[in-house]
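Working from the sequences, and respecting the hints, build out all of it.
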Amino acid sequence: MPRISRPALLLVPLLGFMVLTYLVPFLGIVQWSVTLPEPGLDQYRAALSDPLVLSVFLRTFRICAVVTAVSVASADMITVLWVRGSPAQRLAVELCILIPFWISVLTRAFGWLALLSTKGILNTWSQSLGLLSEPLTMVRNEFGVIVGMAHFLIPFAAFPLASAMRTVDERILLAARGMGASRSRVFFQVFVPMTAAGILGAGLVVFVFALGFFVTPAILGGGRSVMAAELIYLRVFQSPNWGLAAAISVVMMVGVGGLLALLMRQARPAVPK
Amino acid sequence: MTTRPGLLAACVAALIAVFLLMPLIAVIPVSFTPNRYLSLPDGDWSLRHYHALLENPAWAKGLGLSIGIGVVSALLATSLALLFSLGIWIAKPRYAGLWVGIALLPMVAPPVVSALTLYFFLITLSKFNSFVAFDTWAGVALAHSVMIAPYAVVLITVALAQVDRRIDLAARGMGAGLARRTRSIILPNIRFGVISALLLTFVLSWEEIGVTLFITSVKAVTLPRLMWMGLRDNIDPAIAAISVVLIVIVVVAVLAKTVLQRMAEVTSK
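Protein sequence lines, in the order shown, are assigned to chains A and B.
If you're matching positions, the first sequence starts at 236 in my numbering and goes up one per residue.
If you're matching positions, the second sequence starts at 9 in my numbering and goes up one per residue.
Please note: incorrect hints may appear among the correct ones.
To give a feel for the contact side, a few chain A residues facing chain B, derived at Cβ under 8 Å [to be verified]: (1) LEU246; (2) ILE264; (3) VAL305; (4) SER309; (5) ARG319; (6) TRP347; (7) ILE389; (8) VAL471; (9) MET487.
These are calculated hints, taken from the structure and not from any lab test.
Keep in mind that this is a model prediction, so the values were computed, not measured.
Glycine included, each C-beta is placed from N, C-alpha and C at the ideal position.
Set out below in structure tokens:
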């Protein structure tokens, strides 16, 4: 038996904890997925062919793709000022990113309800100004879900983007400006390509995060535009089908694992040996 | 000639900043509505929903429970993460990537999968005891520890990466044992990392709702769980009042941190 050094024993408590509380129970979920209600792969067949489940998957992908594009683009444009702006701009942007980041997801979803619902602030104002005769439906549909999720995820995209932007050598931008490129040309043709790896990384992080997220969609979607994560919740607590919930979870875990492997592969060249 | 972002960039960023802050500001007027439903105060501002927070004992109970669970799970998660990160730093074991991967699993897995996994774990434990079980405070604290430990590992590992290995080698060369080196050399150098880990893990547990929804029903009602119940069916404006309180706490804390940081930068210059 190979000798284990004494400091390596320090790893044991956390690893043991994770194996007992996470890895073993996850195997239990895998077991549910192939034994409930009866042994076999029926639940996977259902998860991959049932029209209802497929439409939920499709909607999940569509919403996550839109949310990823919106939040990474917004985060990129605001992070530029966080990294390269004047000291006052930096401070302002930092507060605008950090304050929402620390506020609970429930409070933020509630804020969107207060703004967007039929008796909410935007509808009340537009009606009293005569801009609208009927209240506009902006929550309990996909629009509300996309707005709420993008709002939640912008700070998560801003952190990796900021660290990518900090590695850009300012002299290259100065050179491009000196050779007569306009500000927007420098941004789109020099700065964005130089931070492409960071943008891709932020996109993957946000997309993976969005996939497994269900609090904001449940509140702002109002049960109408159900996403995969909410479907799992519903199949456990409202119209129970634990086998299906477990099968969807396993599919999701495998999918996210694949995406993360992709992330690792594209991140590797950036780390010099 | 400057490479500072121009006016256009500033305007776009300002729009995004408005988008980021808007829902937080929107909560404030709604919390003063005199009505029982989500609406704007129509000239008539009322404090009834703030009174409701004080009068309904469920809010105080949820607050106490969330603080208790936050403290216990932050301490447990940070201690385990501290031992683990020290082990990785000192021993540089084989397959370190694999061990770190396992330690970070709950952070990278989809939250809903973690929620279902911990639900399975706790209902299984419920068959053997009624203390650490489904819908108990100890069960929630245990599940939160699983979810927040990876964040503590990240923060403490980052802090350790900045420690100069040569001071540890010097101590070792002068005959200090593992315990002595840890106590007198390593821990003092990473104390800010450990304190940040404690704070972050507490906040993460305090806000946790995704997993909590799966592992509680009516007995262990944390503050976020209570808010969730008020948000799902008929939207209760008391949620606006509690949200304003939480927003004020965060704004004060973030501003205080920013000011303290600036002062530290000024004095160190």
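To see whether the hints hold, each was checked on the structure:
no. : hint   : result
1   : LEU246 : holds (4 Å)
2   : ILE264 : holds (6 Å)
3   : VAL305 : violated (10 Å)
4   : SER309 : holds (5 Å)
5   : ARG319 : holds (6 Å)
6   : TRP347 : holds (5 Å)
7   : ILE389 : holds (6 Å)
8   : VAL471 : holds (7 Å)
9   : MET487 : holds (5 Å)
Hint 3 from the earlier list is the only one contradicted by this structure; the remaining hints agree with it.
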